[in-house]
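S.K.: Chains S and B are the protein sequences, given in the same order.
The first sequence begins at 0 in numbering that gives the first Met the number 0 and counts up one residue at a time.
The second sequence begins at 0 in numbering that gives the first Met the number 0 and counts up one residue at a time.
I should point out that these hints are in silico values taken from the structure, not numbers from a laboratory.
Keep in mind that the hints are not guaranteed to be accurate.
Now the stretches of chain S that chain B is said to cover, found in silico as 3 or more residues with beta-carbon under 8 angstroms [claimed, not checked]:
id: 1; segment: 49 to 60
id: 2; segment: 212 to 222
id: 3; segment: 424 to 430
Mimicking SDA-like on lysine to any residue, the simulated pairs with C-alpha atoms at most 25 angstroms apart in a straight line are [stated by the list, open to error]:
id: 4; chain 1: S; residue 1: K213; chain 2: B; residue 2: A90
id: 5; chain 1: B; residue 1: K61; chain 2: S; residue 2: D191
id: 6; chain 1: B; residue 1: K98; chain 2: S; residue 2: D191
id: 7; chain 1: B; residue 1: K61; chain 2: S; residue 2: Q53
id: 8; chain 1: S; residue 1: K199; chain 2: B; residue 2: L53
id: 9; chain 1: B; residue 1: K61; chain 2: S; residue 2: K563
id: 10; chain 1: S; residue 1: K563; chain 2: B; residue 2: T146
id: 11; chain 1: S; residue 1: K213; chain 2: B; residue 2: D104
No residue lacks a Cβ here, since even glycine has one placed at the ideal position from N, Cα and C.
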Amino acid sequence: MSRRLLMLCMSLLSLGGLVNCSKSPKEGAQQTPAPTAKTEAAVKATALTITQEQQASWIRNFNPLLVPGTARWPTRAGIYEPLMIYNTVKGELVPWLAVKHEWSADNKKLTLTLRPGVKWSDGQPFTAKDVAFTFELLKKHKALDFPAVWAFLESVQAKDDATVEFTLSRPFVPGMLYVVHQPIVPEHKWKDVADPVMYKNETPVATGPFTEVKVFQNQVFELGRNPHYWQQGKPAVESLRFPAYPGNDQANLALLTGELDWAGSFVPDIERVFVNKDKDNNHYWFPLVGNTTTLYVNTTKKPFDDVRVRKAISMAIDREQIVKVAMYGYTRPSDATGLSDTHDKWRNPEAVAAGDWTRLDIAKANALLDEAGFKKGEDGVRVGPDKKPLRFDVNCVTGWSDWVRAAQIITQNLKQIGIDASLKTYDFSPYFERVQKGEYDMSMGWTSDEPTPYYVYRDLMSSETLRPTGELAARNWNRFSNKEADALLKAFEGTNDPEEQKKIAHQLQMIFVQNAPVIPLFPGPSWGEYSTRRFTNFPNKDNPYSKLTPNSPPENLFVLVEVKPK
Amino acid sequence: MPGDPASAMFARFAGQLQPEAIDSLRVAFGFTDEPLHQQYFTYVAHLFQGDLGLSIAYFPSKVTDVIATGLGWTLLLSGIAVIISFALGTALGVVATWKRGGWLDSVLPPVLIFLGAFPYFWLAMVLLYTLGFVLGAFPARHAYSDTIAPALSAEFILSVMQHMVLPVSAIVIASLGGWMLSMRSTMVGVLAEDYITMANAKGLSQKRIMFHYAARNALLPNITGFGMALGFVLSGSLLTEIVFSYPGQGYLLIQAVRNQDYPLMQGIFLTITLAVLGANLLVDILYVWLDPRTRAR
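If we strip away everything but chain S, and leave its shape as in the complex, we get (with noise of 0.2 angstroms):
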């Protein structure tokens, strides 16, 4: 709904031609300050004004144990801090209230050094105790649990005021991406709140660079510096300001009157819609490293459940035309490895070079289905052994435009080969809940987002992710399992070893590679945009020390740490 409203209104604007934007003469005449775009900067010149949710009006919680997108965007960006912060294009864990990390030689005991002289916003120190206390009531309240911390956590102790001990119940070394990301919360304030599941935390006490609620009003909101912020002289922002739009569509628009100075949203055409509007002061950067678009196949399912079938049906997909067409040319074509650019370190050469499924070519697919024994039918359609055409459905969200022109393009590549599939568009719930529950032929989809490719092979091809069609499956919506791929996982989960960590991703990527399991289409782009009027030093190609965009909490922190007033 909201990108079709977009769509609509970007049409119109390009239909305007490109307009100069600026205001009317008539604004000086006006005797009270006229509300507009320009005298509301001019005023407010030391905010920092970001745009991330997408609300109409704000409701006041800054709990950061409840699950992301329901407290405030900076309660886990700007207000409270993990105990380290891994940066997606530098690919390296960046020390933030932890300095340290151990591990034992089993793997089973993890030792963090807390950080001296951080303080708490109201001037008490941090502590380990306040880190324990922290897991704790992850542990007492299962619902806070989100990271699933407490799947492989034994116990966590606080052996002096700036050591942490984290004792697992089996060596995986990957969850500690999970540990080192919580956001740590204040024993002396959190141990009197009655119910943490509940609690609103109307007034935070965080470590993080931005802690006083200076406005809350329900159609924008300011955050004030914390006083003791621990990074000396740091953050060279004044305050940061929430204006509240409901959707892209006017998120975009306030871009356009320069009225953000960060935005993190999907804008078409972006070079002649924003760039143009001011050259010197509106930029964009889209680094791939988002998750990747990839389109599942149910490989319970006749045929899906033959590899030729996938890779066949991956070969017809024109994916050069998927990018330019359905996304503006922001992204390239995947390999058959379906790592994004996140992943460039643990990127095996060869299994790039042996994944020629993703590749378009048509006759080589023809010749697969040919081989699978689905012959075409006097309607051009591909008959298998049982008789039955390969007529299917790909599931995409309703308004997800991008999504759908992909699907289209997708759709009319298939019949080429003679798979007579069609475009079925869902609202978001019903859209997740079928593929979660694997009753879908084909549908769009994404992989997961986690630093290292173990997740992300783990989420397609683990048979511990592997859920009964019919029974909700948090990942592995396509539902298949590999036995060799759960040993390789359970060899990486034991290691730290960055040698024999790549050895392992490396063969996992061959496995893919071999196997199929989804059909990966382009990276996704990290959609980060800024206007350097009123602020510098934002991240971008020439200065890659963090993504932009603000989608992607906790590593926002860099940002909000480094940008300067001009």
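Let chain S serve as the given structure and place chain B on it in line with the hints.
M.R.: Below, chain B alone, put in the same frame as chain S:
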């Protein structure tokens, strides 16, 4: 509706949620397997205590809190829009019929019907683009300037009025035609009545005949429509609110439907129902004042 709130929750967290967490959330939300009639009595009992439950989409806020963030603005926006379009449309209808065959009578109805055929949000977008974006004559979003805090000051009220111009215009333009046409059609009937001829014969002033004799009688069906229109305008303002980022209730309903947030939906429907009932009460009072026949002895 396919799906249930729990799986919608699951969906919203894109796989970050563990199955155990969902069970705890179900308990937290108050999902129970009690028999339906029992659940109903609990609901009614809570209703009388002003407790509409917890919202799922805005967990853990109360439904009443969530609705309170926008209800006032929605009532203000659609209230003013309905009153303006009703008053203006009716007046236009009266004047047009009085000068039957004049330019007003021949040009306006088709134009207004044409405009009325557009969806609210499309008109809102055109206004937003031309007057808000290109000309910059009016603010393009929110209910008042972001830089001032709500207070009973002249500055604030002026700001609210300025911010209301575009969304109100969008609703008024789209709904004006209906009022004008219905007024016109009853006026035409009334003008043929004998008492109008008699009033003319008595030599009363044209203004007096037009408003006191004709319009007052012709107004009755329109007044009935007024109460019902409020309900429609509430739902029509929903899309207008989204286009102008107005902090009203409109977006809440969409969010509630998307997240299968039944408590919030119930709450919003309840407030819409109450608003329509309130408007009907108002209409009944007006009716008694306008039509002597309805006054009981």
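S.K.: Please go over all the hints and tell whether each is borne out by the structure.
M.R.: Here's how the hints hold up against the structure:
As drawn, the segment 49 to 60 of chain S meets chain B at 6 residues by the rule of a beta-carbon pair under 8 angstroms; at three or more, the given contact holds. Here's how the segment 212 to 222 of chain S fares: 5 of its residues keep a CB closer than 8 angstroms to some CB of chain B, so the rule of at least three is met and the hint holds. Counting residues of the segment 424 to 430 of chain S whose CB lies closer than 8 angstroms to any CB of chain B gives 4, which reaches the minimum of 3, so the coverage claim holds. Between the alpha carbons of K213 of chain S and A90 of chain B the distance comes to roughly 48 angstroms, so the proposed pair goes past 25 angstroms and is violated.
A hinted pair counts as satisfied when its Cα atoms are at most 25 angstroms apart, and K61 of chain B with D191 of chain S qualifies at roughly 21 angstroms. With a CA separation close to 75 angstroms, the supplied pair K98 of chain B and D191 of chain S exceeds the 25 angstroms bound. In summary, the hint linking K61 of chain B to Q53 of chain S is supported, as the alpha carbons are separated by about 20 angstroms, within the 25 angstroms threshold. About 13 angstroms separates the Cα atoms of K199 of chain S and L53 of chain B, which keeps this hinted pair within 25 angstroms; it holds.
Note on K61 of chain B and K563 of chain S: the hinted pairing is violated, with a Cα-Cα distance of about 39 angstroms set against a maximum of 25 angstroms. Taking the CA atoms of K563 of chain S and T146 of chain B, the gap is about 22 angstroms. The hint holds against a cut of 25 angstroms. Between the alpha carbons of K213 of chain S and D104 of chain B the distance comes to roughly 56 angstroms, so the proposed pair goes past 25 angstroms and is violated.
When the structure is compared with the earlier hints, violations turn up for hints 4, 6, 9, 11 and for no others.
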